[in-house]
Structure formats: structure tokens, C-alpha cells
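K.L.:
My request is simple: use the sequences and hints to build the entire structure.
Numbering (this note's numbering), first residue to last: 1130 to 1324.
These are computed hints drawn from the structure, not numbers from a lab. One thing to keep in mind: the hints can contain errors.
[What the hints assert, rightly or not] Subject to a maximum C-alpha distance of 30 Å in a straight line, what follows is the list of computed DSSO-like cross-link-like pairs (lysine-lysine): (1) Lys-1135 with Lys-1315; (2) Lys-1315 with Lys-1285; (3) Lys-1140 with Lys-1152; (4) Lys-1308 with Lys-1285; (5) Lys-1295 with Lys-1308; (6) Lys-1303 with Lys-1285.
[Said to hold, decoys possible] Restraint-style ranges between C-beta atoms, simulated for each label pair: (7) Ser-1172 with Gly-1233: 20 to 28 Å; (8) Arg-1197 with Asp-1279: 42 to 50 Å; (9) Ser-1218 with Glu-1165: 20 to 28 Å; (10) Ile-1259 with Thr-1147: 21 to 29 Å; (11) Glu-1148 with Asp-1192: 29 to 37 Å; (12) Arg-1197 with Met-1287: 32 to 40 Å; (13) Thr-1299 with Asn-1139: 37 to 45 Å; (14) Asn-1278 with Thr-1168: 44 to 52 Å; (15) Tyr-1145 with Met-1276: 54 to 62 Å; (16) Val-1195 with Lys-1140: 21 to 29 Å; (17) Arg-1193 with Gly-1240: 25 to 33 Å.
Computed from a predicted structure; not experimentally measured. Backbone N, C-alpha and C define an ideal beta-carbon position, used for all residues, glycine too.
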Amino acid sequence: MTDEYKTITNKIGEGYYTEKRSKFLAFSHHVTTLDEVSTLLESYRKKYYDARHVCYAYVIGPDRAVFRANDDGEPSSTAGKPILGQINSNELTDILIVVIRYYGGVNLGTGGLIVAYRTAAADAIGKSEIIVRQQEEDVIFNFPYVMMNDVMRVVKEMSPQIVSQKYDNTCEIKLRIRKSEVAQLKNRLNKLSFE
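P.N.:
As C-alpha cells, then:
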């Protein structure tokens, strides 16, 4: 099981393609929620209010389970699908690509549209910074105060991020660690209770 995934940085990738006087402006964004997607789409629709089509595709989550492609009035599967295809062929997630089309007066046909949207999306990805991230998981551990030194020794050795901690008669620590190391961290912490 791999706990790594590819995404892009917060730097916006800008792509461009032109065919028979139609212009295709492409923008790639790092997104992690559907609210971010909605806000960005709304801002593009306002900014490019005079454009004929604002097509897009997105993939969200390390498991890439949340995704959508939208043709925004273009013939079915000629815009959103080719954009999504570029996201998938680059194995990216947490990404939104918006392609704005200004119609040039000449119909491109379905094949021409597919090439145009695919090429514009690929250009935006090419101008983005792709990074590899690790899936992380939170581990919450409750323990009596007398175990503090032992717990902190495990934390020091395994280097999880400390998200929060509460100290009282019963202490609670919330740790964030790579998904592949969760079981090992839980085992080591649970063993402390029996030492």
C-alpha cells in the first residue's frame, strides 16, 4: 500500500491553446474541498463573463474518489472528459482545471474540441509545480500522567506531528503520522500501558 499521492502547489498553472480563432485559456488550481471548487468556478464565470464556455474537471482526496468533469454546453464529452483525462494521466489529485473558451466563429468539430481542451489542460499542468505528498492519519492516545516520558520518547523516535495535547490526571495527545506508520505508532503506544 502506498501512502503517497501527487498534487500541485498553490502556484496557479496557466495554459493556452488557439485553433481557428477560438482561444482556450486554462488554469490549474490546488483545491482540497468542493467549496473551494465552487468559489473558484464562480470567480472565473464573473471574470470571463463574455466567454462562451467555462469547462472544468477536478479530482479531490488522496484516494482520488471525488471527481467531476463538466462540458458547460460543449458537445457531450468534448471538454470536461479530456481535461479530466489529463489530470488522470498525470495521476494528480487535489486539483481543479478550468478551461475558458472564446469562440472564434468557426466550429472545430468534436475531434477538434477534444484536442483543444486536452492540449490547454496539459499546458496548464505543464506550468504547475507537481509535488508528492504523504497521506496522513491522526492517532489519539489517552494515558496517565506518569507515562508522559515514555510517550514522549516514542514521539521523539517516530517523529509524528503533535496536533494537540491535554495534560491532566488523564492526558491526551493527538498525533499526525504517515498512513503507513499508523499501526506501528499505535502498537508502540499501546505497549507502554503494559510495561
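K.L.:
Does each hint fit the structure? Answer for all of them.
P.N.:
A quick look at each hint next to the structure:
no. : hint                               : verdict
1   : Lys-1135 with Lys-1315             : 27 Å, holds
2   : Lys-1315 with Lys-1285             : 14 Å, holds
3   : Lys-1140 with Lys-1152             : 22 Å, holds
4   : Lys-1308 with Lys-1285             : 18 Å, holds
5   : Lys-1295 with Lys-1308             : 23 Å, holds
6   : Lys-1303 with Lys-1285             : 14 Å, holds
7   : Ser-1172 with Gly-1233: 20 to 28 Å : 24 Å, holds
8   : Arg-1197 with Asp-1279: 42 to 50 Å : 48 Å, holds
9   : Ser-1218 with Glu-1165: 20 to 28 Å : 23 Å, holds
10  : Ile-1259 with Thr-1147: 21 to 29 Å : 25 Å, holds
11  : Glu-1148 with Asp-1192: 29 to 37 Å : 36 Å, holds
12  : Arg-1197 with Met-1287: 32 to 40 Å : 38 Å, holds
13  : Thr-1299 with Asn-1139: 37 to 45 Å : 40 Å, holds
14  : Asn-1278 with Thr-1168: 44 to 52 Å : 47 Å, holds
15  : Tyr-1145 with Met-1276: 54 to 62 Å : 59 Å, holds
16  : Val-1195 with Lys-1140: 21 to 29 Å : 22 Å, holds
17  : Arg-1193 with Gly-1240: 25 to 33 Å : 28 Å, holds
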